[in-house]
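With chain A's structure known, arrange chain B on it following the hints.
Chain by chain, the residues run as shown.
Number of protein chains: 2
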Amino acid sequence: MKKKIIRIGVLGCGTVGTHFIKGIIKNKKTLRDKTGIEFTVVKVCDIDRKKGKSFPAIFTTKDSEVLESKDIDIVVELVGGTEYAYESVKKTLSRGTSVVTANKALISEKGREIFKLAEENNAHIGFEASVAGAIPIIKAIRESFAGNKLTKILGILNGTTNYILTRMSLNASSFSQALSQAQKFGYAERNPTLDIKGFDTVHKLSILSALAFNKIVYWKDIPVEGIEKIDPMDITFTNEFGYRIKLLAIAQKKGMGLDIRVHPTLLHKNHPLSTVEGVYNAVYLEGDMAGKTLFYGEGAGGNAAASSVISDVVDIGKKLLCDTHPYKIPFYADKKIAVIPMKEISTKYYFRFTALDKPGVLARISNILGKNGISIASVIQKQESPERAVPILMLTHTAKEEFVQKAINQIDRLDVIKKPTVIIRVEE
Amino acid sequence: MKKKIIRIGVLGCGTVGTHFIKGIIKNKKTLRDKTGIEFTVVKVCDIDRKKGKSFPAIFTTKDSEVLESKDIDIVVELVGGTEYAYESVKKTLSRGTSVVTANKALISEKGREIFKLAEENNAHIGFEASVAGAIPIIKAIRESFAGNKLTKILGILNGTTNYILTRMSLNASSFSQALSQAQKFGYAERNPTLDIKGFDTVHKLSILSALAFNKIVYWKDIPVEGIEKIDPMDITFTNEFGYRIKLLAIAQKKGMGLDIRVHPTLLHKNHPLSTVEGVYNAVYLEGDMAGKTLFYGEGAGGNAAASSVISDVVDIGKKLLCDTHPYKIPFYADKKIAVIPMKEISTKYYFRFTALDKPGVLARISNILGKNGISIASVIQKQESPERAVPILMLTHTAKEEFVQKAINQIDRLDVIKKPTVIIRVEE
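Sequence order for the protein chains is A and B.
Quick note: the first sequence uses the working numbering, first residue -5, plus one each step.
Quick note: the second sequence uses the working numbering, first residue -5, plus one each step.
Don't read these hints as lab results, they were simulated from the structure.
There is no bait here: all hints are sound.
Just so you know, same-sequence chains aren't split out, so a pair can sit in one copy or run between any two.
No farther apart than 30 Å at their CA atoms in a straight line, the calculated lysine-lysine pairs in the DSSO-like style are these:
| # | residue 1 | residue 2 |
| --- | --- | --- |
| 1 | 191 | 286 |
| 2 | 313 | 209 |
| 3 | 329 | 143 |
| 4 | 394 | 209 |
| 5 | 337 | 214 |
| 6 | 209 | 104 |
| 7 | 313 | 23 |
| 8 | 23 | 330 |
| 9 | 313 | 22 |
| 10 | 84 | 313 |
| 11 | 286 | 146 |
| 12 | -2 | 313 |
| 13 | 20 | 56 |
| 14 | 337 | 146 |
| 15 | 329 | -2 |
| 16 | 329 | 247 |
| 17 | 313 | 329 |
| 18 | 209 | -2 |
| 19 | 45 | 143 |
| 20 | 110 | -2 |
| 21 | 223 | 394 |
| 22 | 342 | 394 |
| 23 | 263 | 286 |
| 24 | 330 | 214 |
| 25 | 20 | 44 |
| 26 | 286 | 143 |
So here's chain A without its partners, still in its complex pose (with noise of 0.2 Å):
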């Protein structure tokens, strides 16, 4: 069979772009056995020298060369920015050749005309980390969702606001210290307007929605207020009547109109969202056959990004390849993964010990579970009563097993214990 190759050209070696990069190389033969294809970055492309030198052999400062090289099939995009963008992936889809972009500004902006052009030159896009970092929202939207009547979308899209937000709310500080912190740690830009006055977040529900409702949204149209003026007085009030407060996108249909808005919201304690914390983002959607679905994950960061970019550069290599069958499936294979039998895990526990009420009681159980390495990580007599059969319950630290059901063997046969004692796992 000959083999097949996917060769990938990176504009924009910034954050994303290295990650990438080095995601497709770190990646390369779980990429290959799931696709059966082998995808290869063959030139990268940035104005800084410097970006380079991790990859020597395959970068430029000459964006022609993966402009204009016939030997590329699917340019990606991490430049940022709607000017020079925009001008390079329309050069890129006029030569027929695919693009993959992380641009939620030029997606939300110039989306008209991009995708026009990618149609009428029989070329791809994919914008899968345009919206919502390493969360498959676009994909759900479009592909599992295809038969659904979407109703509503409510989202906390954009980290840098909720990381401000989760800061205020955690230390009592104000809007501009914690805008500082996130400064400090690489979650806000130096010059972060886009992100606090909601623009970042009205660019991505302007594509969100254009999507699940299958109408154009303009980002311009959508009524968006930012966070800078939140005050942490209202943080805190509002935390004691069970609310949080977040920067939340919401769209929804209303009869033919769309109720759609960006601007701190209060959500309830108890509502999905209000629990997604510092830069996580999280979707929750609404359609007429799934019901409600909530998807949570990494907003921000190269990695997450850059996992959505390699889901879209497969998506576009396979229908470059013509390679209509669905992933290869591994049930059919002959690799067999070794099961870790069930005495080898690891884990915590939470014993329940069902045993007479008098003094050395809890030192012979104890005794027994320290000579078979078993830590304990709290303990607690429900009852009294005295020579009697109480509850006694334990929560250990991490251990075998097999040790445990050794231990908890022994401690059955004990005369002070009166049931067999209850054994549940705990997960982190």
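Just chain B now, with coordinates in the frame of chain A:
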């Protein structure tokens, strides 16, 4: 352009089958808009003649009309079990016709044979609905995280047991009481063994693990404990420790082996899976690129499963028609959706007034709100400080933005109001 049609035959007209057929009919236009393809159910077969009364024109009790038809592109198998289902799927694939199934037992037990047969006959198999209902977890693992080395899966994959555990937790009822309730509401089968003893979860975990780790994982190799021995006492006690008990599917890479098991498990209440209640399902994944992600949604019910069946039918339909182009993207369409102006939206509100602490102030505020049709859900004055400005916090019932702005404008002009009122909207 030639009209693109995909003709579907359905085996089994139970809950999922009925919802699937109704969904295809109800959302025909949505599907056409999103894919450019016309999906149509041409035949549905069930041994029970009564099942056909909603679809008399396409109903049959003779499965040969589905299995031997030349006018069917995809057979949707919704019979369940591993005997007749296996025979009919084999027959379909042998003819080179593609299959979509929601049957986890079939995929888990006979996957090896079925996928081999599909490949030999160049047919497709979709099985998104076999795990976690409407949650697109199979697509996520196979496609979205194709570029990841996945390292860990945690899942709540069985609605019946999760419903029972939730019910035991809320009502301190016994296992058998909670099971009866589940049966009464249709959340448990009359013979609930497969669910209760964890075998259904094991089937599903074997499917997810095989896909995630790209190796064979036999369901019989997976250690399993059911929930039938869970004592309400342990639910109460562990709750006091801050834990919930869930029937958890666990699979994690440990060196070259796999730590894989299904058993009742304590999850701390801060763990994102601990809050998954009732018949909902959730899957937590860790990958070397994507980091930590969580998918949550309806794990049971006809519509949820039908949503996933439709997504498979759409994916396979596109492949059969060699439509390798991405889903039509609406950005360049000319249909613009009407964005509802901000002043016309209705929601609940949080207000923070800064008002002089003197008698009659609240009456004046309430009066203005009342005249604008805004009713108060709760109000708190945080401090007492006679004759000085103090914060007054208020939550409203649903009100219209326009009237809220008007009312707050009037209120802010009162001589007793010392700062502009803070307004934050609330989302349920």
